[in-house]
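Asks: Residues per chain are reported as follows:
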Amino acid sequence: MINITIDEKIYSVEEETSVLEACKTAGIKIPTLCYLEKIQAIGACRVCLVEIEGVHDLVASCVMPVSEDMKIHTNNRRVREARKVVVELLLSEHEGDCQTCDRNEDCELQSIAHDLGIREIRYQGEKAPRCLDESTPALVRNSAKCIACRRCVTVCAETQSVSALFPQSRGFKTTIGPAFGKDLDTVTCVQCGQCSAVCPVGAISERDQTEEVWAALDDPEKTVVVQTAPAIRAALGECFGMEPGTLVTGKMTTALRRMEFDAVFDTNFSADLTIMEEGTELLTRLKMALVDGKQVALPMFTSCSPGWIQFMEYYYPDMLPNLSSCKSPQQMMGAMVKTYYAQKLGKKPEELFMVSVMPCTAKKFEAARAEMNSSGVQDVDVVLTTRELGKMIHEAGIDFQSLEDSEMDSPLGLGTGAADIFANTGGVMEAALRTAYEIVTGREIPFDNLHVTPVVGMDGIKEAEITIEGVLPEWSFLEGVAAKVAVAHTLANARALIERIRAGEAEYHFIEVMTCPGGCIGGGGQPRITTEEVRKARMKAIYAEDEGKTLRKSHNNPQVMKAYEDFLGEPLGHRSHELLHTKYFEKERV
Amino acid sequence: MLNEAESVNCSCDTEINLSAQYSKLDDILAEYKYKEGGLIPVLQIAQGLFGFLPEDVLHHISKAMDKPYSEVAGVVGFYSLFSTQPRGENVIRVCLGTACYVRGGKQVLDSIKKELKIDVGETTDDQMFSLEIARCFGACGLAPAIMINEDVHQRVKPSRIKQILAPYCKTEAEEVEHV
Numbered sequence: 001m002i003n004i005t006i007d008e009k010i011y012s013v014e015e016e017t018s019v020l021e022a023c024k025t026a027g028i029k030i031p032t033l034c035y036l037e038k039i040q041a042i043g044a045c046r047v048c049l050v051e052i053e054g055v056h057d058l059v060a061s062c063v064m065p066v067s068e069d070m071k072i073h074t075n076n077r078r079v080r081e082a083r084k085v086v087v088e089l090l091l092s093e094h095e096g097d098c099q100t101c102d103r104n105e106d107c108e109l110q111s112i113a114h115d116l117g118i119r120e121i122r123y124q125g126e127k128a129p130r131c132l133d134e135s136t137p138a139l140v141r142n143s144a145k146c147i148a149c150r151r152c153v154t155v156c157a158e159t160q161s162v163s164a165l166f167p168q169s170r171g172f173k174t175t176i177g178p179a180f181g182k183d184l185d186t187v188t189c190v191q192c193g194q195c196s197a198v199c200p201v202g203a204i205s206e207r208d209q210t211e212e213v214w215a216a217l218d219d220p221e222k223t224v225v226v227q228t229a230p231a232i233r234a235a236l237g238e239c240f241g242m243e244p245g246t247l248v249t250g251k252m253t254t255a256l257r258r259m260e261f262d263a264v265f266d267t268n269f270s271a272d273l274t275i276m277e278e279g280t281e282l283l284t285r286l287k288m289a290l291v292d293g294k295q296v297a298l299p300m301f302t303s304c305s306p307g308w309i310q311f312m313e314y315y316y317p318d319m320l321p322n323l324s325s326c327k328s329p330q331q332m333m334g335a336m337v338k339t340y341y342a343q344k345l346g347k348k349p350e351e352l353f354m355v356s357v358m359p360c361t362a363k364k365f366e367a368a369r370a371e372m373n374s375s376g377v378q379d380v381d382v383v384l385t386t387r388e389l390g391k392m393i394h395e396a397g398i399d400f401q402s403l404e405d406s407e408m409d410s411p412l413g414l415g416t417g418a419a420d421i422f423a424n425t426g427g428v429m430e431a432a433l434r435t436a437y438e439i440v441t442g443r444e445i446p447f448d449n450l451h452v453t454p455v456v457g458m459d460g461i462k463e464a465e466i467t468i469e470g471v472l473p474e475w476s477f478l479e480g481v482a483a484k485v486a487v488a489h490t491l492a493n494a495r496a497l498i499e500r501i502r503a504g505e506a507e508y509h510f511i512e513v514m515t516c517p518g519g520c521i522g523g524g525g526q527p528r529i530t531t532e533e534v535r536k537a538r539m540k541a542i543y544a545e546d547e548g549k550t551l552r553k554s555h556n557n558p559q560v561m562k563a564y565e566d567f568l569g570e571p572l573g574h575r576s577h578e579l580l581h582t583k584y585f586e587k588e589r590v
Numbered sequence: 591m592l593n594e595a596e597s598v599n600c601s602c603d604t605e606i607n608l609s610a611q612y613s614k615l616d617d618i619l620a621e622y623k624y625k626e627g628g629l630i631p632v633l634q635i636a637q638g639l640f641g642f643l644p645e646d647v648l649h650h651i652s653k654a655m656d657k658p659y660s661e662v663a664g665v666v667g668f669y670s671l672f673s674t675q676p677r678g679e680n681v682i683r684v685c686l687g688t689a690c691y692v693r694g695g696k697q698v699l700d701s702i703k704k705e706l707k708i709d710v711g712e713t714t715d716d717q718m719f720s721l722e723i724a725r726c727f728g729a730c731g732l733a734p735a736i737m738i739n740e741d742v743h744q745r746v747k748p749s750r751i752k753q754i755l756a757p758y759c760k761t762e763a764e765e766v767e768h769v
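As given, the protein sequences belong to chains Z and S, one line each in that order.
Mapping of the first sequence onto our numbering: position 200 corresponds to residue 200, and the numbering continues sequentially without gaps.
Add 590 to the 1-based position in the second sequence for our numbering, that's all there is to it.
None of the hints are false.
Straight-line alpha carbon distances no greater than 25 Å define the calculated SDA-like cross-link-like pairs of lysine to any residue that follow: (1) Z:LYS173 with S:LYS696; (2) S:LYS760 with S:GLU740; (3) S:LYS625 with Z:ALA496; (4) S:LYS657 with Z:SER135; (5) Z:LYS127 with S:ILE723; (6) S:LYS657 with Z:SER163; (7) Z:LYS540 with Z:GLU37; (8) Z:LYS587 with S:GLU645; (9) Z:LYS127 with Z:GLU81; (10) Z:LYS173 with S:LYS703.
Just so you know, these hints were derived from the structure itself, not from any lab.
Quick caveat: nothing in here was measured; it's all calculated off a predicted structure.
Throw the hints in and build the complete structure from the sequences for me.
Replies: Here's what the structure looks like:
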């Protein structure tokens with residue numbers, strides 16, 4: 001510990017912290033723009049300037065380490081005015097159409113300008129040129145709003161190991177984007193939207209599809225069905241000023257009905273369905289390997305996360321057979337709605353309009369994939385992010401906080417606790433193990449409160465080994481087998497795990513990968529800004545939702561069982577294969 | 591017909607040259623692949639080999655060095671000495687650093703533009719000259735300065751541009767004739 005003085009008060013702080021972090025611990029707020037806790041501290045934006053006695057110039061506190069007896073001034077005229085000028089200069093080249101901007105009232109530049117007391121634009125500089133990149137189904141980039149803070153560059157490179165974005169050119173002409181100003185669809189971008197999740201301004205956002213949904217809702221010919229992913233219920237409240245981690249499942253359902261969706265279904269239903277299919281697929285692969293002695297692709301990877309799927313298609317095409325052939329829960333729901341549910345209504349698939357609410361931007365891309373049309377038409381018509389649904393509820397004038405709770409509709413509106421935890425890293429693995437273990441042994445998985453604790457939590461790569469004992473006769477080949485599983489979240493961690501496997505340093509049977517930090521609760525389409533604290537709060541809420549349910553294992557979902565009985569047949573059966581499974585394609589990396 | 595035959599021959603030669611250049615590049619890449627900070631020297635050498643940095647070459651470098659293409663392009667875009675456009679046989683760089691600027695660098699630049707009928711970043715139709723702007727060669731005491739290829743010309747007068755450029759206008763064939 002070392003002693004420093006901040007604004008005439010003495011504090012004892014850890015060595016090797018930055019001035020910014022030290023001030024934060026002391027309860028002093030310093031404005032920041034390019035800084036992202038634990039992810040980026042590069043001193044690029046100069047907004048976090050402070051004065052240090054004995055140092056001639058003001059310094060960027062995010063990159064200035066503390067030292068013994070350092071005397072810091074965070075709030076004197078010189079500091080305040082310098083910060084103000086820095087922000088004024090940023091504003092001088094910023095597009096600045098705040099009233100109509102997607103980020104109005106949710107913009108860090110706007111709120112810093114407000115907090116610093118900027119009431120006029122004193123400098124009229126040359127504006128950054130406006131180049132719109134609308135090439136992908138998921139994301140829209142607007143260069144005129146970019147303040148070149150490089151947050152997106154860092155998350156794309158370090159969190160995701162993709163590096164689709166990089167600063168191009170130099171000085172005033174610097175733009176953040178793919179090589180030579182190309183569009184995102186011409187380079188290796190997995191459309192995970194983590195760039196849009198960390199962008200402090202309106203330079204990168206999801207493609208706004210709210211108008212398409214309003215149009216469908218207005219169309220009397222269309223039956224408009226909505227599904228909501230497990231991660232929405234723990235985050236949507238943030239769009240209405242509620243604390244992160246507030247569960248709003250019931251209010252969300254009521255809001256969707258108020259918006260006049262004809263049926264409100266739960267992606268949790270199809271998450272349970274995924275477990276039935278994926279669990280069966282895993283056991284089948286194990287049987288082929290252990291009993292029939294066949295060459296079969298192991299470890300098997302989960303396939304729920306579309307950013308991860310694209311990542312594999314670009315970077316590890318030789319391992320595509322290792323991906324589970326299961327569609328994601330979103331696409332399973334789309335296929336079920338336009339076949340099973342359409343049949344129940346006596347309607348054709350094209351008369352139904354399927355809207356998904358996802359914590360994800362890549363889901364927009366997934367829904368638009370050419371092969372996602374098992375019903376004969378595009379199975380999911382429009383994907384909204386959590387943020388877009390929040391906007392629509394605002395537009396509808398619904399007072400969200402005061403809504404009463406309601407339940408989702410039958411026959412695709414029931415999910416178990418196992419489906420809830422699909423939102424968290426480790427959740428799909430835990431859900432799969434809850435079911436697979438019980439199918440094989442006839443007993444519950446031997447973990448306290450059904451939580452497979454080694455795969456729970458925020459570690460980037462987690463692993464567990466479960467020895468299977470006392471199996472039912474038909475699964476005798478699994479007796480005594482130590483099932484090795486691993487869980488990775490973020491693509492950089494997934495890459496590290498794959499490289500370990502390829503180098504022969506690790507061996508597993510089953511691996512869960514989620515593209516975003518923390519899993520879907522930290523998705524690219526979630527309310528901004530998702531910090532580590534926010535992720536933890538949402539994660540906790542999801543586990544609470546699971547624990548509050550009587551049904552906590554996918555194979556106990558009565559609506560899923562009914563769907564098999566009445567329509568699908570059996571897991572991996574002919575109809576399941578047609579509707580619930582898919583193929584992957586190698587893509588050239590650019 | 592003759593022209594066509596010639597052009598066929600010509601492109602053949604180009605292809606052979608190109609594959610020889612790529613094979614040289616691969617040798618360089620093998621040497622620099624694992625060296626920290628190896629990208630910039632590789633780019634410099636590649637530009638020396640190909641005359642400029644075409645996208646295909648940058649893709650090749652990006653894959654071979656396992657560096658994101660966006661980053662390779664970003665580095666190329668950052669340094670004005672790298673060019674992604676084909677350049678003339680001779681590259682003229684006019685210094686517009688502070689000293690050169692105040693001592694008439696701008697007028698020198700205008701005179702060159704007028705003489706060659708090209709703008710900054712362009713190449714003459716006969717592929718003889720490309721024109722670029724530079725910042726300081728360290729010849730401030732003898733400003734204004736320009737560089738033509740590796741030669742530094744100091745205290746350049748706008749009126750003397752024609753004479754300065756003349757020696758560079760000769761093609762190799764002409765030089766042989768003179769000998």
